[in-house]
Amino acid sequence: MDASALPTLLAIAWLTPLASFTVIVLLGKSLGPHGKYAGYISVGAILVSTVMSLVALFGAWLPNHPLADASHHGASYEAGAHGSSSPNAHSGDSHADGRAADAHAADAHAADEAHESEKPAYYGDWYALGQWGKLKLTIGYYIDALTVTMFSMVSLIAACVHVYALGYMHDELHDPYVDHEVHVHDGGHLHRPGRFHRFFQYLSLFSFSMLGLVIAGNVAMVFVFWELVGICSYFLIGFYIERQSASNAANKAFITNRVGDFGMLIGMMALWASLGTFAFGDLTTPDGQTELGIFSRLRTAENDHRLVPPPEMVAEGERTFASTETTGDGGSNAGHWLLFIAGVGIFCGCVGKSAQFPLHVWLPDAMEGPTPVSALVHSATMVAAGVYLVGRFYPAFSPEALLVIAVVGCITLTIAATIAITAVDIKRVLAYSTVSQLGYMMLSLGLGGWAAGLFHLVTHAFFKSLLFLCSGSVIHAVHSNDMREMGGLRRKMPITAYTMLVGCLAIIGAGIPLTAFGLSGYYSKDAIVEQAWSFAETNKGAYWLLLAMPVVGAAMTAFYMFRLWYMTFAGKPRNHHRYDHAHESPAVMTRPLLLLAFFAIAVGWTVPLTNLSVTNLLHQAEPAGIAATSHGVLLPSLTVPAEALSHAPEIKFKAGLAAFGAAMTGLLAATVIYLWNTLNPAEIRQTFQPVYRLLWNKWYFDELYSAALIRPTMALGRRIAAFDRAVIDELIHGLAWLSRGVSKVFGVLFDQTVVDGTVNTFADWTWDFGLLLRRLQTGSVRQYVLFIVAGTLVLFVAVSTVQWLAYS
Amino acid sequence: MNSTFHLANLLTEPPGIAHFMTVGAVLFVCGAMCMATKRNALGVLMGIELVLNGANMNFVAFGSQYLQNGGEYLGLDGPLMALFVIVLAAAEAAVALAIALNFYNNHDSIDVDRADQLQG
Amino acid sequence: MEPIYWPSFFFYLFAILACGFAVAVLLSANIVRMAFYLVLSLAATSGLFFLAGQEFIGAMQLLIYVGGTLVLLVFGVMLTSQERFVSMKTMSGDWFIGLMAGGALLSLLAAAAFSVPQWGSPDRAAVENLPVQKTAAPIAMGLLGARVDQPGPDEPQRGVMSGYLLHFEIVSVHLLVVLVGAAYLARAKRKTAPAPGV
Amino acid sequence: MGAFLDNYLPSWLAYTLAALVHIFLLLNLIAVGALVFIWLERKISGRIQDRLGPTRVGGKFGWLQTLADGLKLITKEDLMPVGADALLFRAAPYVSFAASVTAFMAIPFAGGAYPWVAQRLNTGVFFVIAVIGLEVFGVILAGYSSASKWSLFGAMREAAQVVSYEVPLGMCAVVPVLLAGSMDLVVIGDQQAGWFTNWFLFNDPATFITFWVYFTCATASVNRAPFDLAEAESELVAGFHTEYSGLRWSFFFMAEYGSMLSVSLLASILFLGGWHGPIPVASMLGLTYENGAVAGYLGNLLGCVNILLKGVLGVSVMMWVRWTLPRLRIDQVMTTCLKYCTPIAAAMFLGAIMWQYYLPHRNFFGLLPANESAYAVHEGWADQEGISSAGAVNMVEAADDSRGGLAVEGAGSAALLFDPATPSTSHVASAERGG
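Protein chains in written order, with the numbering used here: chain F, 219 to 1026; chain X, 157 to 276; chain V, 28 to 225; chain A, 893 to 1327.
Just so you know, the hints here were simulated from the structure itself, not pulled from any lab data. All C-beta atoms, glycine included, are put in the ideal place defined by N, C-alpha and C. Treat the hints with care, since some could be wrong.
To be verified - Below are the EDC-like pairs computed for lysine to aspartate or glutamate, each with C-alpha atoms no more than 16 Å apart in a straight line: (1) 116/V - 248/X; (2) 116/V - 233/X; (3) 710/F - 618/F; (4) 354/F - 509/F; (5) 254/F - 397/F; (6) 710/F - 643/F.
Said to hold, decoys possible - Quick partial rundown of chain A residues pointing at chain V, CB under 10 Å, derived from the structure: (7) 907; (8) 1022; (9) 1023; (10) 1028; (11) 1033; (12) 1035; (13) 1047; (14) 1073; (15) 1184; (16) 1193; (17) 1194; (18) 1196.
What the hints assert, rightly or not - Only some residues are given here: those of chain F computed to face chain X with a beta carbon under 7 Å: (19) 960; (20) 963; (21) 966; (22) 997; (23) 998; (24) 1000; (25) 1003.
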């Protein structure tokens, strides 16, 4: 299939869920008994999406863009590593390094691609919503290997979740549905109509929104779908709207995201004000002119795709930062500052969406939604959006902005991992695990590991959706979220237990160290640690923390994941009532689990006899210019090493061992405490009481926000309301009283004499004139005709006279 | 070309727009006078018809190729307008006649001078 | 001496007929005769239309105006032809004022007609060599919305000079409304009270 | 003819002569026609009523009966009622007769390259219908000016009836115009050349029905039984001509028979192939102008005989109807027009359009392919564009079609409209047109 079919294929994949959404919205419950067929429609739509995405990947993308051999990458590592041996060289040299790497990569790629910079990408506009001056809003697409990969991943996982939800949401088909968690006034439970169709309607919209976000060709469109994703998550988290907690969680997610979006808007404005375009790629206008997109503006070919602020950005920046000092060589840093602000602004949006510190608080609360939603939110859609956007926007991030990203990611991964250790709600453990893994991704992206970060996004999506669906299966079986009431369930539900074990092994990065064999997480997590290692070696000093934290985090990951598995499936049942009640889930739920388990194992592998692997695919999409090592301008000591450098054998060796060691440590600790019960968890808890309290209360973030933001705001609001009532209202009343008095006086003095007199005089004149005209109104048609004739004559004569006077 | 009027070559010169306009003017004025002097409502109606025909004459004259002397030329607009005038005149006659008959029914008269209740 | 230009002869013939019968309409006191003269005047006018090359308009004038409208008028005359209405005298004063105004208007219009040199007689040779102009088809096309006589100024595509389709529709609807309205106005009504003071 | 004589005589004399010849021929046609028709009517009515009709005057069939009647009428005293409006009373018969004669001016009696027609008009159909409609004025004036209530009633009925029936009549006449794509009677007639399958009567079911509606309306508009309300002798003595006698009275009848003939001729041109017989004898024998002037003249003569036969046939049918059907009441007459004829005519108009749109280039109820050359639109502009289709619908289509490009070819369309190649005369011809 021709590559030009890509936009069409992906558009079909993108729009089919929208069609399903529309149908379900319009027909709703009339689709089958209690809206049962709505689920089938939705599943059908997402299956179409999946097929289309896979056709796009295997049928249209890969035949036209053959993947490079992994060994070639290896060769390029050598060259890159070579260059990195003199990191203190003049910055001009680093271009040479980058180009050396480029040259190798170019050999690997198709022969017609003369330049590494020319990454295959298809972009264009489908429809122009309008143009207001410079502001042009379009519905466009930007398709490269990343887009195709994301499409396949998102639609595949969404399809699994849809199918799974058919079984999981089966209760909603009952009419009325009894919500046992909501108590009404008379002490009974809430009875309400089932909302099966509505759930699937939201799922379809969610899929549509996420796919739209991925295919978007410009920032404005990204923002639109960004918000759509947000509102969908709002709907789904608050699906059990009658539960106070669900309602609060939905609000919390939505409002927290708004905070991040505010930053994103600032970043968008900064970019647009200086660059004047929203588009990612270069667009050709109908009159044949090329409008450069954001990426081409920021990384022009003349500058070897280095990030250099374009002149208009410098000018804009100088206007904004009038007092900025100039650098030594006479140039101004204003452009770099603006770039930094834009980057951090965009990242703010990602912080909100991907639940990074300090806006991570919404994600654990989002567990109030049904479990399939959690699976979707945590793997393929909502939170993936933030990471995806960082990856998509990567060319626009300056090294300083990247450092901010890395630091935020590092903090997030640490905090979330520590909280996960103490959580007892099975879904909350997974939620904090997600936050932590997202921190890994952000860290990797921030440290220059573009491919590593996005690779982790893909692998994590698979095993995290697997984990969530498994936990859903468990919850479905025991009707509880609390791990303390579980135990020994592997005998009751083996499929769930062992698929979840696969998920756990994948997330801790289980594999045979120093070889190319392991579960999917093994590849991606090792790549991240390698990049961190490379970064820490290049930038000495306090940057080693950015290496230490992920390694420690890996250990914690292993610990809490296996703590979860042991508490749930191993050992003896703690609550016999729930244990007796437990059963394996139906096939419609377990089959997706098996499929996802397969992917969780294998998604990191290279398909035998081919070069097909996610890593290679992502390398195809690596934005131009970021493969090279870059240096900070505002922070001259900062160097972001090229990703290729991290594959150097000595780093690989050390990082691999460190990651494996950490994971084994964590696994061992969990086994000792929760499987063998050699150490009593309660006693440990007792010993570290303050730390435990801190972790149990999630580092008091909610309390902190409440004390620092919410309560002061409320107090201020009350004060202002009191001021309103006491001062402003009284003032207005007084003024009104005064006006009334004055107008009374004026009414007598002025209105009734002057105004009325004038009006009456005019009325009298009109009356008299009317009496005069009345004589003309004879009512006789014949006289009217005469008037017309006479009028015509007079008009003629008058015009002629005037003409005669004027021209004679 | 010659705006002067020579009796001698009256029959050897083609008629121009001005000739048609003169005929139209006569019809128009006769119609207008009819409207002004006839007391019978139907007489007034006939005057209207004459007026419309006088106007039509101008449309036709300006839309005719044979009368062109380098002046204004309406082209197809001329006959089309004339056509609309004719058709609307028919409609107008129908309504006016209905009004006249109604007037006759109500007042037993068609003297328009009696229809002056609207006088000021 | 140049040969007689026959259209000119017929022009004067019809012009004299039209104007003469129009004056007869004006001067006649008898309403039925007025109608008769009007018929003749309008028929002569249609002859003038034929002379101007507008055969379709001439035929329409005969068909609609003379054959339709005026028959209707005569019909109305007959419906109301009581002895006292057939010949209604007009006041001499009215006559005087009317003739004054009318004469002034006529002289004004005639003066205006002959004041523009381009409106005078065209060149005879040029007129004689003109091909016969087909009138019906362009008018029909014009009513259907396509102007075939005047293509837009150096613009090749269609629709630059729009036709009269909309006007045609409006007139059609108008006629329908008139039909309904006339039928309503003229419908048989039972008189509830005798007319006051005949 | 005038153009021909112009080569040998002074211009004014040539055209005057030509006009006089035309008038002479037409007046003779009407006068002789009236004589024949009156005799024919008497014979037909007699046979229908199981009588012999006139038998004595002039020999075996009483063929001189009408002439004898005419002599009697000429010698009769010319009476006029006391209260009559003298001018109108005298003018009325001539108004009728003039209208009747004028209609013949535009009716062709043979077509082809040299049509036999006094004045060829490119809006011939409307002209004829319009002028036939004027005949009613004489009747109305006669009715009014007679100062007799019988006459007035008759005239009022006539006014209402004729105004109403012109609507369906015009609608019916538009259908052949639509098929031919021209209002020129010569063109319409020549479109139906060849076998009788080409007649518009058989073009499609809509036209077939239209013909009968047309015939009904034509009968009504020439004031013939069963629509002769204006003279209904059972109620109104003799209607509008109650007070007439002598020559004036005979003029009314000449006008009536003239009108009957002209509507029949119009019917035969519009629907029955005009001067083309059911079998194309003339072209089979080579009697066309391609084979010389004499052959062409003979062909035209044959055509003339043909159309006159059809006209006489039409008149005979009218007589047959008159003596067969009882007279309608006035309300029935109006009902027939407004509730039946008009809607049917409108529907048939629509039907003909649809048929033409969906089955173009087909003849004889769509069974035979049409003769393409005969269907070329003869207005002179469509020919050049290679539009060989009949009917206004296709003209519109062609105009819509940018390829056909009537309005497209900027300067070209003016040339199309005012095509000098069209076989027509210069403006001099408008002298005849006026006459």
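Residue hint residue 1000/F, partner chain X, criterion CB-CB below 7 Å: 5 Å, holds
Restraint satisfaction for residue 1047/A [CB to CB of chain V, less than 10 Å]: 7 Å, holds
Given pair status - residue 509/F, residue 354/F, alpha carbons within 16 Å: 12 Å, holds
Hint validity - residue 997/F Cβ closer than 7 Å to any chain X Cβ: 3 Å, holds
Proposed proximity, residue 643/F with residue 710/F (alpha carbon, max 16 Å): 20 Å, violated
Residue 1194/A as chain V interface residue, shortest Cβ-Cβ below 10 Å: 29 Å, violated
Hint consistency between residue 116/V and residue 248/X [alpha-carbon to alpha-carbon, up to 16 Å]: Answer violated: residue 116/V to residue 248/X is near 26 Å, above 16 Å.
Holds or violated: residue 116/V to residue 233/X, with C-alpha atoms at most 16 Å apart: 41 Å, violated
When the least beta-carbon distance from residue 1022/A to chain V is tested against 10 Å, hint result: Holds, because the Cβ-Cβ distance from residue 1022/A to chain V comes to roughly 4 Å (cut-off 10 Å).
When the least beta-carbon distance from residue 1184/A to chain V is tested against 10 Å, hint result: Hint on residue 1184/A: violated, closest Cβ of chain V at ~27 Å, above 10 Å.
Proposed proximity, residue 618/F with residue 710/F (alpha carbon, max 16 Å): 52 Å, violated
Supplied contact hint for residue 1073/A, tested at 10 Å Cβ to chain V: 8 Å, holds
Hint check: violations occur at hints 1, 2, 3, 5, 6, 15, 16, 17, 18, 19, 20, 21; the rest are consistent with the structure.
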